[in-house]
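Peer 1: So you can see what is in the structure, the chains are spelled out below.
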Amino acid sequence: MTPQTGYGARLLSQLTLSSCLRHGTLLVLALIMLFPFYWMIVTAFRPAQEVFSGSFNWLPQQFVGWDNFRTALADAPLLRYMLNGAIVCAGVLLVQLATAIPCGWALARYRFRGDRILFGAVLLGLCIPIQVPAIPLFLGLAATDLLNTYFALMVPFFLSVFAIFLFRQSFKIFPEDIVQAARLDGLSEMAILWQIVVPASKPAIAAFSVFSVTSHWNDLYWPLIVITNAELMTPPLGLASFADPEIGANFGALMASATIVTLPLMILYLFIQRHFIQGVTNTGVR
Amino acid sequence: MAASVRLEKVEKYYGTKRTLAEVSLDIAAGEFLTLVGPSGCGKSTLLRIVAGLTSHEKGRVYIGDRDVTQFPARDRPVSMVFQSYALYPHMTVAQNIATPLRMKRLPAPARWPLLGRFWPGSRKLRQQIDHEVTAVAAQVQLENLLDSRPSQLSGGQRQRVAVARAMVKQPDVFLMDEPLSNLDARLRVHMRSEIAALHQRTGATFIYVTHDQVEAMTLSSRVAVVMDGAIVQVGSPRDLYEDPQDIRVARFIGSPEMNLLAITADAQHGASLAGEPIDRPLAITDAVVHMGFRPESVSIADLSSRHMPNAIRFSATFERMEVLGHDALLFCRHLHSGEPLVARAPVADIDRLRTRGNWSDKLTLQVNLAQTFWFDAQGSRIAPAYASCEVLPIHKRVS
Amino acid sequence: MTNCHALPAQQAERVTEKKRRWPDSMAWWFAMPATFLMLSTMLLPVIIVMLLSFTNYELGMPDTGFVGIDNYVSVLGDAKFWHVLRNTVVYTLLVVPGSVIGGLFLAVLVQSVGKGRRIYQCLFFLPVTATLVAMATVWKYLLHGQIGPINQLLHALGLPQMEFFGDPGLVLISLAIIGIWQLAGFNMVLFIAGLVAIPEDLYDAARVDGADRPWDRFFTVTLPLLGPTMLFVIVTSSITAFKVFDTVAVLTRGGPQAASEVILYQIYLEGFQYLRTGSAAAMTVLFLACILVLSWLQTRLTEKKVHYL
Numbered sequence: 001m002t003p004q005t006g007y008g009a010r011l012l013s014q015l016t017l018s019s020c021l022r023h024g025t026l027l028v029l030a031l032i033m034l035f036p037f038y039w040m041i042v043t044a045f046r047p048a049q050e051v052f053s054g055s056f057n058w059l060p061q062q063f064v065g066w067d068n069f070r071t072a073l074a075d076a077p078l079l080r081y082m083l084n085g086a087i088v089c090a091g092v093l094l095v096q097l098a099t100a101i102p103c104g105w106a107l108a109r110y111r112f113r114g115d116r117i118l119f120g121a122v123l124l125g126l127c128i129p130i131q132v133p134a135i136p137l138f139l140g141l142a143a144t145d146l147l148n149t150y151f152a153l154m155v156p157f158f159l160s161v162f163a164i165f166l167f168r169q170s171f172k173i174f175p176e177d178i179v180q181a182a183r184l185d186g187l188s189e190m191a192i193l194w195q196i197v198v199p200a201s202k203p204a205i206a207a208f209s210v211f212s213v214t215s216h217w218n219d220l221y222w223p224l225i226v227i228t229n230a231e232l233m234t235p236p237l238g239l240a241s242f243a244d245p246e247i248g249a250n251f252g253a254l255m256a257s258a259t260i261v262t263l264p265l266m267i268l269y270l271f272i273q274r275h276f277i278q279g280v281t282n283t284g285v286r
Numbered sequence: 287m288a289a290s291v292r293l294e295k296v297e298k299y300y301g302t303k304r305t306l307a308e309v310s311l312d313i314a315a316g317e318f319l320t321l322v323g324p325s326g327c328g329k330s331t332l333l334r335i336v337a338g339l340t341s342h343e344k345g346r347v348y349i350g351d352r353d354v355t356q357f358p359a360r361d362r363p364v365s366m367v368f369q370s371y372a373l374y375p376h377m378t379v380a381q382n383i384a385t386p387l388r389m390k391r392l393p394a395p396a397r398w399p400l401l402g403r404f405w406p407g408s409r410k411l412r413q414q415i416d417h418e419v420t421a422v423a424a425q426v427q428l429e430n431l432l433d434s435r436p437s438q439l440s441g442g443q444r445q446r447v448a449v450a451r452a453m454v455k456q457p458d459v460f461l462m463d464e465p466l467s468n469l470d471a472r473l474r475v476h477m478r479s480e481i482a483a484l485h486q487r488t489g490a491t492f493i494y495v496t497h498d499q500v501e502a503m504t505l506s507s508r509v510a511v512v513m514d515g516a517i518v519q520v521g522s523p524r525d526l527y528e529d530p531q532d533i534r535v536a537r538f539i540g541s542p543e544m545n546l547l548a549i550t551a552d553a554q555h556g557a558s559l560a561g562e563p564i565d566r567p568l569a570i571t572d573a574v575v576h577m578g579f580r581p582e583s584v585s586i587a588d589l590s591s592r593h594m595p596n597a598i599r600f601s602a603t604f605e606r607m608e609v610l611g612h613d614a615l616l617f618c619r620h621l622h623s624g625e626p627l628v629a630r631a632p633v634a635d636i637d638r639l640r641t642r643g644n645w646s647d648k649l650t651l652q653v654n655l656a657q658t659f660w661f662d663a664q665g666s667r668i669a670p671a672y673a674s675c676e677v678l679p680i681h682k683r684v685s
Numbered sequence: 686m687t688n689c690h691a692l693p694a695q696q697a698e699r700v701t702e703k704k705r706r707w708p709d710s711m712a713w714w715f716a717m718p719a720t721f722l723m724l725s726t727m728l729l730p731v732i733i734v735m736l737l738s739f740t741n742y743e744l745g746m747p748d749t750g751f752v753g754i755d756n757y758v759s760v761l762g763d764a765k766f767w768h769v770l771r772n773t774v775v776y777t778l779l780v781v782p783g784s785v786i787g788g789l790f791l792a793v794l795v796q797s798v799g800k801g802r803r804i805y806q807c808l809f810f811l812p813v814t815a816t817l818v819a820m821a822t823v824w825k826y827l828l829h830g831q832i833g834p835i836n837q838l839l840h841a842l843g844l845p846q847m848e849f850f851g852d853p854g855l856v857l858i859s860l861a862i863i864g865i866w867q868l869a870g871f872n873m874v875l876f877i878a879g880l881v882a883i884p885e886d887l888y889d890a891a892r893v894d895g896a897d898r899p900w901d902r903f904f905t906v907t908l909p910l911l912g913p914t915m916l917f918v919i920v921t922s923s924i925t926a927f928k929v930f931d932t933v934a935v936l937t938r939g940g941p942q943a944a945s946e947v948i949l950y951q952i953y954l955e956g957f958q959y960l961r962t963g964s965a966a967a968m969t970v971l972f973l974a975c976i977l978v979l980s981w982l983q984t985r986l987t988e989k990k991v992h993y994l
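Chains as they are written, first to last, in my numbering: chain U, 1 to 286; chain V, 287 to 685; chain Y, 686 to 994.
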């Protein structure tokens, strides 16, 4: 049975003026939004004189290959910075998940003495940005001689009230039947949480992980306060200290370093974006 | 004012798949027609095509005598009640009901949230609209709830708001997409009579979609059975029950389902009913035909001492019984083939069998051939095979 | 982009479901690690900050004493503080409408096309993932007074060139552009989550009721049902904008002529450069107060209108 009007013909008929207009607008906006990235990458391949020439060219007139990148990597230990960033983000994320998931589960499903106070504290914590406890934490770390350590970088972020809140919302709608069935099968409460509920909540966990890694990889304020040792700098801090002298001088190298620092996260996001968007949509972060 | 609805060779594709195949249907003005069929058969799609919500690739739609194929939903004289009611959660009941009138009568600037009231003439229009809304709300007993939000209402109340919103437009055609399926059983019965009363009162054309064949049979004057994207049969509920033209219709209408047994013919061995050779002479031209009979046509042979003329007999094992009250349903299995069979008999008869000591696992069931339906291998209704037999003695002839 | 901020207790507690009673010991076993962290890294430091704000503590200085509300008096009496607050508020007032309306516009547009939605979502979210410090340097170049491409474009269009980071009158706008650029994609994702939750049925009902044109559909169905999402986005965007730091620290250092000094930058300088801890603590408390007022105010004003589901 072949349709009278071909499938292709029908597709073409959907190419209305309005849909062209929409796609057109979206493409133009996307180009504008992504222009800084484009410019960053292109400039990383330009020689210094071209950067300062004052004339606008879409592509490098003179292609200097990887020169700028080599300079950038030589002038500043960018790879070291990124390693630090990875260590900090991984450490923070692990502790955040390990503490927030059980807490969110307890708050989501069970009444216990003090649960209202605890949840109230969580909500309060959502309104307290990290910059508020910064001074005392800094003093505490200074007093215990723990400044300039990975621990110092991670400490304020171990607690994530946002994660507790998010997981509570997400766990609230987990079917009670499955939990009952698991209980009947003899699983302990801990096991139920980690072996049954968590694997089923991957989108929410993925969504949160993206939030967490992104914000901690990109954080400047706290590393600026606790780190002075170049060996331990995270990418933003490292770049900020590197950018200072370079801003007047070698824009090409600066753009190259910006590219190196920015790319990992963007690539990570491109890989995980499907789960992330699904996670945000499902948990209804509203 | 009611209007007739006509669908002419409507076809719809979903990607490359054809979901509606050359559907044509004529609905008279003021008629209550139900589209019934299993899930996914295309009945809701048809309804939406009449509403103008879904586009179709081929065919035409006429409301009244106008060809509305190209008209969007808002330009068609139709109203629709959705399965989920689709009430605007941020509006009160009164505002919900008023929406169709506001859209139609108030020009765009008059609808602006704060400044709209200053549009010249809008005050008078609003008052008129309020008046109509209150009137319609009274008809469905919602006067006291006009200021509530949908989230504060029960399921039945929400349904009435949806109906009121449909009524206020005074449409020529009412479309209803499974409006009762979200209600509990008792409420459903009550609302069914409300909808019937509404039809009487307004005299508009009603097109009603449901998967529940009981609803279809009790509400409408005509029922169209939709299966696999095509209308298989259209007729009064009685026609569909007593004279199904297709095996799918025969199966779908009637609860419990019609019993269907395959009859195979073999030149050497003669005819066999689901594997069990039968004693009747039957002339069958196809290799396989289906014989159908409703549970109430089956009787237990052991019961009546009188030999039923023109009956087919077969053995079955009894499995379980459901007592309905006066009657009971006997769920059995055809002894030879294992096919499930359902018989309906008065409880009193069964008791009698039991006291007589004739009750056992194995029963002999019999069906009066006059009450059978015959279908060919493709599922179309054919004349009963036994009619083409040799001429029988008078006392055995079918009456 | 840092922590997101939530809705008030009322909305969270609205979902009332049957909860099992757990033995307290077991429940707290689950909640303890987080509680411990909460006490040690959040509540305790906040209390200490408040206490410090009443002292004249300076890092490294031996003698400290309670000075009562002196710090607050001097901070609130300092014209500089109000200047800084004003800058932050102006920045917030620029970024919030821009990123919220921008995010909404993008979300509606992206959801309105049939194909390619995911690609667009991904593209518009990319700026959110970019390291702001890195991108700040890019923007510095883009908006450079002489050699930046934007100025070259303006020049080509016959418009006067602008000293984006050199002109005190323009610097907040320039920073706001960067802020909007980074926040719009994030808001878009949140709005898309909200849009997806709107039942398709409502649009059908609206069409039958006569609200067929895009404008009518938007105001009859889309916008009202985005209420809770809208509230959430506005609150989080406001707080994010209020916490601006990275771009100021890297690009302008508060200049030119203190035109871009924002509150967090001031706290940073006060507490970690000038080491006037007591004073910085007082500013921190005031900063917290502003944020709490911001969230509370916005929620209170719109909550009744917005939660009807």
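Derived from the structure by calculation, the hints contain no laboratory data.
For glycine and all other residues, C-beta sits at the position ideal for the given N, C-alpha and C.
Hints may be right or wrong, so weigh each one.
As the list claims (entries may be wrong) - One side of the interface only, derived from the structure: several residues of chain Y facing chain U at Cβ under 10 Å: (1) C807; (2) P812; (3) T814; (4) I919; (5) K928; (6) G956; (7) Y959.
Claimed, not checked - Below, computed lysine to aspartate or glutamate pairings styled on EDC-like, alpha-carbon distance capped at 16 Å: (8) V/K390 with Y/D901; (9) V/K390 with V/E418; (10) V/K390 with V/D416; (11) V/K390 with Y/D897; (12) V/K295 with V/D353.
As the list claims (entries may be wrong) - Beta-carbon label-pair distances, calculated as ranges: (13) U/L184 with V/S467: 32 to 38 Å; (14) Y/F790 with U/R183: 45 to 51 Å; (15) U/A74 with Y/L729: 42 to 48 Å; (16) Y/V775 with U/R183: 31 to 37 Å; (17) U/P175 with V/S325: 40 to 46 Å.
Peer 1: The structure should be examined with respect to each hint, and the outcome stated for every one.
Peer 2: Against the structure, the hints:
1. Residue-level restraint check for Y/C807 holds (minimum Cβ-Cβ distance to chain U is 5 Å; threshold 10 Å).
2. Interface restraint check for Y/P812: the shortest CB-CB distance to chain U comes to about 6 Å, inside 10 Å, so the restraint holds.
3. With a cut of 10 Å, the hint placing Y/T814 at the interface with chain U holds, because the nearest CB-to-CB distance is about 5 Å.
4. Below 10 Å, beta-carbon pairs count as interface contacts, and Y/I919 has none with chain U, the closest being about 12 Å; its hint is therefore violated.
5. Residue-level restraint check for Y/K928 holds (minimum Cβ-Cβ distance to chain U is 6 Å; threshold 10 Å).
6. Because the closest C-beta pair between Y/G956 and chain U is about 5 Å apart, less than 10 Å, the hint holds.
7. Because the closest C-beta pair between Y/Y959 and chain U is about 13 Å apart, greater than 10 Å, the hint is violated.
8. Distance check on the hinted pair: V/K390 and Y/D901 sit about 12 Å apart at the alpha-carbon level, within 16 Å; holds.
9. At most 16 Å may separate the alpha-carbon atoms for a hinted pair to count; V/K390 and V/E418 meet this at roughly 14 Å.
10. At roughly 14 Å between alpha-carbon atoms, V/K390 and V/D416 fall within 16 Å of each other, so this suggested pair holds.
11. A distance of roughly 11 Å separates the Cα atoms of V/K390 and Y/D897; the hinted pair therefore holds under the 16 Å criterion.
12. Of the pairs offered as hints, the one joining V/K295 and V/D353 holds, with about 13 Å between alpha carbons and a cut-off of 16 Å not exceeded.
13. Taken as a hint, the range 32 to 38 Å holds for the pair U/L184 and V/S467, whose Cβ atoms sit roughly 33 Å apart.
14. For the pair Y/F790 and U/R183, the beta carbons lie near 48 Å from each other, so the given range of 45 to 51 Å is met.
15. Separated by about 44 Å at the C-beta atoms, U/A74 and Y/L729 satisfy the suggested range of 42 to 48 Å.
16. Checked against the hint of 31 to 37 Å, the pair Y/V775 and U/R183 fails, with Cβ atoms roughly 57 Å apart.
17. Against the hinted window of 40 to 46 Å, the Cβ-Cβ separation of U/P175 and V/S325 comes to about 23 Å, which falls outside the hint.
Consistency note: the structure conflicts with the earlier hints numbered 4, 7, 16 and 17.
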